[in-house]
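Novice: Chains as they are written, first to last, in the working numbering: chain H, -10 to 272; chain X, -10 to 272; chain Y, -10 to 272; chain S, -10 to 272.
Don't take each hint at face value.
One copy or two, it doesn't matter: identical chains are merged, so the pair holds either way.
Simulated pairs of lysine-lysine, DSS-like, Cα-Cα distance not exceeding 27 Å [unchecked claim]:
| hint | residue 1 | residue 2 |
| --- | --- | --- |
| 1 | K255 | K84 |
| 2 | K136 | K235 |
| 3 | K235 | K61 |
| 4 | K75 | K240 |
| 5 | K240 | K61 |
| 6 | K75 | K235 |
| 7 | K255 | K240 |
| 8 | K191 | K267 |
| 9 | K62 | K148 |
| 10 | K231 | K62 |
| 11 | K235 | K148 |
| 12 | K265 | K240 |
| 13 | K136 | K61 |
| 14 | K231 | K175 |
| 15 | K136 | K267 |
| 16 | K267 | K48 |
| 17 | K62 | K75 |
| 18 | K116 | K240 |
| 19 | K235 | K265 |
Hints in this document: simulated from the structure, not taken from any laboratory.
Okay, here's what each chain looks like letter by letter:
Protein chains: 4
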Amino acid sequence: MTVTLLLHCPDRPGIIADITNFITENCGNVVYLAQFVDHVENVFNMRIEWNIDEFLIPKEKISDYFGTLYAKKYDMNFRLYFSDNKPRMAIFVSKMSHCLFDLLARYSAGEWNVEIPLIVSNHPDMKHVADMFGIPYYVYPITKDNKLEQETAMLELLKENNIDFIVLARYMQIIGDRMIAAYPNKIINIHHSFLPAFVGAKPYQAAFDRGVKIIGATSHYVTAELDAGPIICQDVVRISHKDMPKDLANKGKDLEKIVLSHAVQKHIEHKILVYKNKTVVFS
Amino acid sequence: MTVTLLLHCPDRPGIIADITNFITENCGNVVYLAQFVDHVENVFNMRIEWNIDEFLIPKEKISDYFGTLYAKKYDMNFRLYFSDNKPRMAIFVSKMSHCLFDLLARYSAGEWNVEIPLIVSNHPDMKHVADMFGIPYYVYPITKDNKLEQETAMLELLKENNIDFIVLARYMQIIGDRMIAAYPNKIINIHHSFLPAFVGAKPYQAAFDRGVKIIGATSHYVTAELDAGPIICQDVVRISHKDMPKDLANKGKDLEKIVLSHAVQKHIEHKILVYKNKTVVFS
Amino acid sequence: MTVTLLLHCPDRPGIIADITNFITENCGNVVYLAQFVDHVENVFNMRIEWNIDEFLIPKEKISDYFGTLYAKKYDMNFRLYFSDNKPRMAIFVSKMSHCLFDLLARYSAGEWNVEIPLIVSNHPDMKHVADMFGIPYYVYPITKDNKLEQETAMLELLKENNIDFIVLARYMQIIGDRMIAAYPNKIINIHHSFLPAFVGAKPYQAAFDRGVKIIGATSHYVTAELDAGPIICQDVVRISHKDMPKDLANKGKDLEKIVLSHAVQKHIEHKILVYKNKTVVFS
Amino acid sequence: MTVTLLLHCPDRPGIIADITNFITENCGNVVYLAQFVDHVENVFNMRIEWNIDEFLIPKEKISDYFGTLYAKKYDMNFRLYFSDNKPRMAIFVSKMSHCLFDLLARYSAGEWNVEIPLIVSNHPDMKHVADMFGIPYYVYPITKDNKLEQETAMLELLKENNIDFIVLARYMQIIGDRMIAAYPNKIINIHHSFLPAFVGAKPYQAAFDRGVKIIGATSHYVTAELDAGPIICQDVVRISHKDMPKDLANKGKDLEKIVLSHAVQKHIEHKILVYKNKTVVFS
């Protein structure tokens, strides 16, 4: 079993030495270490993972010890993730299947250390896909009038199922503030443009109208401001004058699903740190 | 010798047959043909190049004949370019050398069918580069007060030298309306972002602030609205959280010079058609 | 309804004019035209598609008429495809699901004009995926001793089901000569390297051992020589010294499925011409 | 002033703690730290750079102290580079100017901490470029008969000028064993293909003949076996059936110059570690 420590704090000399000493002296074996110093903000960021099979500190006390010995000293913001804990992920979807299939195909192949106990939608259209994979599918139709109460019901469902994070697989509804507050930096969205270009609805039509020669897709954490949350992953594909809006939509589908799945994978692997509306994504 | 015909017109059946018949029957030999129908706007676009060494119609009458026989019939907007005519290109530059060197290195190697009779700048800094390549370098310092009269002087210089088109090789001044009007779709700019993201000044800082994972560069024709002209070419490069604004600027330099030179090459080869603020770029 | 004409022949003046005249005069309406002249081999290639709803020549006689009037004159190799005919595709798979899921997800979403009546495998492992999509799954275990007779049985199955073309979705068996002969340029394989680098087994290990900085995937038609058939599509992804062979395999999976699906799409759209062990792939 | 420490050794616990302690306790300030553990070979690799303005150990004794205190303990292979030392680089070139111009343009702009005291060629063709930049140009024509003695003379020239490393900017001669031995992992070549595909002469023609859809360029250190040395950097560009061998050569030029210059930059920044014929390239 391993534990992964994600942390950031003001940069000061001695942090790496202290932490690696802590692990080594207690018979832990480091299997991953990546750090990054943001010299603009003077922030030290680190992801370190070590084997705890022979660690002298019991698993349930590691957080206490580390917090007491180092987190206070360095004013750290830190999190511990144990490899025997499977995060629980909910998928939100509307009417398009490509991202949903891509996520579920990886899940079905056992590529990810994750549980997917449920799928939520504002439309019944994707129920057959959920059924194929044997995952419960809940429909919450959204209108102007019922949006607030439907989100309340959805939040309850998520809590009952101990959902850790949410993936919006082309879910075409704006997420309300209460849900964002309940899942801070834990809702991953795919936007079908190269952000910050073409924020909002119909980005492929907007890209066509502007005559760009490359289109993109962006996965990001959802924040209160639309399409403005911390970016996790982006990719692009070349287009030409021959591509009409429907061609852009088709070419974009492959981007969307790959860019979204990459973000989900990084999130599951605890390789993303967020601060100041930006991400550090460790490789 | 060859002639290149660039045209666009409302799409109707028979255009390709008519034009290729016209060439074949008059003993021309087609060496390049590319066409594209914009079904959204119903516009037919074509670039066709043929060898005129044995063409029955004399070189100087081709335009007349073609105009009379076909352009009227199909309501065509067309241009002819003869391969023995070398376009004359002016480079505008400010203080950075990377785009300038890339353009002049290609010119010096004879890669392009073009003349570069002069370089214009608002600063003296790049004179040594112009000197290395033996090209006259004219300095027009720009202030708020003298902008209009300096542009008048520059326009005069361009006319005296029969300049056909202008390349802004990181020229950090907004081009005035009179110069844009004098060179419509004939001023090529390189903007150091992935347009329409990060219009205006300091795009690398803006990209850093937004936390994007990919940066880009865009070459486009200059129009009255800043950074909003028809896009010719774009490219991108991946960055990470490790890249500070100065790293973005460094990585971006290679993009900028390649993306600008590609646009210049397409322009010189007469492979760009412009309409509705968009380009058709033939391969 | 439309018909698509794919042809190649020795290049001569007048071909385009003749063909577009033929269509226009008989009240066809061209919706797609792309041509390419290979000046090295002097071969003219064309894909032209036109609406035949009001075409004066009856659908079943178009081939006769075109063959008599033009194919002989120009020594053409041509094929006609009518849009109301759905090609029938068989998938071959072994033990990995990522390409299979990607193909079936697109099929299930109705993205392709194709029928998939069956899936063939040398292992039972992927039966659950076939079941999810309701497609019959046939297992033909292959050993050194039974390879010939199993391929005979497979060929029979394919014929009984009127299979038009075969997609090898990471099928880890070398295809025998008789099957290749029965499906010339109709078996699409995905090889998990950037061909011609790393032909044969274990390309990711070989890429790791060589220390390359980019890995790739290649879709191609299967010919008698292993991994040497006409290339349809290739793509690459950057790797670094941090990537171990298993990381290459993981990163490669996304490439493989996208590159294979692109090739299948081009094949279904009749946009691929093959000659001299190379492809012309129209956009 | 900073010092950069590049090292590799068998992986053992405590290395990072020891080294960062060593620096911190002696009043050094770490400005860069990247490490990588090759778990396949069990090799620990590190690049660490620290400010030595207030370092307690005098500059000229750092190597001694570090070697005595840590290198023996961990069986390290290490190198120290001080930022006030400018490496001296020789360029070898034949008849093509694109890589040469790209290197010299960066040099002229002051982008690199390097001296270029001389350019060597087997042809006089590029003398005018060397003259433009004011760099001595030495011609050593090579024939079958004089190759050995010319290389002897070249080696002498390099030694007289205290050349630290060599950049082959499309130098079309195979480097002899003695020169390779004199500059181990210090001769950077650009090969105009995606290695290991298309080793040897005429890779663009070979790529055309094979019908690949992407071409590449590879920078690598020169070893005794042709085009088989440790790869530093690779990049690719898409091509299509429309591209003839000369088009590949043209498109490849931009790749070559960028990929070569990136490798040179990484080398100058001491960010490359070589072992087992592979590179670790720190970002």
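Novice: All hints, please: hold or fail.
Specialist: Going down the list of hints, with the structure as the test:
no.	hint	verdict
1	K255 x K84	both (25 Å within a copy, 26 Å between copies)
2	K136 x K235	neither (30 Å within a copy, 45 Å between copies)
3	K235 x K61	neither (55 Å within a copy, 33 Å between copies)
4	K75 x K240	between (33 Å within a copy, 22 Å between copies)
5	K240 x K61	neither (50 Å within a copy, 38 Å between copies)
6	K75 x K235	between (39 Å within a copy, 22 Å between copies)
7	K255 x K240	both (24 Å within a copy, 13 Å between copies)
8	K191 x K267	both (25 Å within a copy, 19 Å between copies)
9	K62 x K148	neither (35 Å within a copy, 54 Å between copies)
10	K231 x K62	between (60 Å within a copy, 26 Å between copies)
11	K235 x K148	neither (39 Å within a copy, 36 Å between copies)
12	K265 x K240	between (32 Å within a copy, 23 Å between copies)
13	K136 x K61	neither (43 Å within a copy, 59 Å between copies)
14	K231 x K175	between (39 Å within a copy, 23 Å between copies)
15	K136 x K267	neither (29 Å within a copy, 40 Å between copies)
16	K267 x K48	neither (31 Å within a copy, 39 Å between copies)
17	K62 x K75	neither (31 Å within a copy, 41 Å between copies)
18	K116 x K240	within (25 Å within a copy, 30 Å between copies)
19	K235 x K265	between (36 Å within a copy, 19 Å between copies)
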